[in-house]
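Participant: Numbering (my numbering), first residue to last: 8 to 153.
Everything labelled a hint here was simulated from the structure, so no lab data went into it. Hints may be right or wrong, so weigh each one.
[To be verified] What follows is a set of in silico ranges between Cβ atoms, one per label pair, in the way DEER data are often shown:
hint	residue 1	residue 2	range
1	Ala91	Val141	21 to 29 Å
2	Thr16	Tyr129	44 to 52 Å
3	Leu109	Met56	32 to 40 Å
4	Ile133	Thr16	15 to 23 Å
Yeah, the Cβ is synthetic: ideal placement off N, Cα and C, and Gly gets one too.
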Amino acid sequence: MKNYTKLFTWLMIVLAVIGFALVVWGFAGGWETKGALASDALLNFAYIMVGLAVLAIIFGVVIGGINDPKSLLRLGISLVAIAAVCFVVYLIAPGTPAQGLLSEQPGTGTLKLTDTVLYLAYLLAILAVVAIVVGEVRMAITNRKG
């Protein structure tokens with residue numbers, strides 16, 4: 008696994024340098040080059056990064072499943088729990104029409120999905136704050152005992 012760590016580290020460095028170069032190129036060129044937007048290059052690079060992330064996840068799941076088959080069961084349970092939370096939040100989301108919108112209102116499905124994403128963002132922000140507080144308290148207790 009150590010060889011994979013070196014490989015992934017170098018790939019991460021290369022991709023970060025390419026991303027930085029694209030951003031510099033976009034700002035230097037005013038985000039327009041020969042009729043095409045430099046932001047299109049950034050968007051294509053983002054697609055590549057998402058594809059590589061999906062491949063890394065698949066690779067990690069396969070290697071994890073080979074090393075510890077029970078990890079696949081835990082992963083499946085985690086995915087079902089996350090899907091259940093998202094479904095419950097979707098059911099709770101009201102999908103109310105946008106206020107003060109001068110153009111045409113989006114469809115009810117779009118409004119419901121927008122509210123769902125907003126509620127999920129609120130939930131994740133609250134959970135992040137709780138995790139930080141609990142982690143700090145736990146670390147303070149552990150350091151005090153030791």
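Participant: If a hint holds in the structure, say so; if it doesn't, say that too.
Facilitator: Hint-by-hint comparison with the structure:
At roughly 23 Å, the beta-carbon separation of Ala91 and Val141 lies within the given 21 to 29 Å, and the hint holds. As the Cβ distance of Thr16 to Tyr129 is approximately 35 Å, the hint placing it in 44 to 52 Å is violated. At about 36 Å, the CB distance of Leu109 to Met56 agrees with the hint of 32 to 40 Å. Ile133 and Thr16 have their C-beta atoms about 33 Å apart, which leaves the hinted 15 to 23 Å range violated.
Of the numbered hints given earlier, the model fails hints 2, 4; all others are met.
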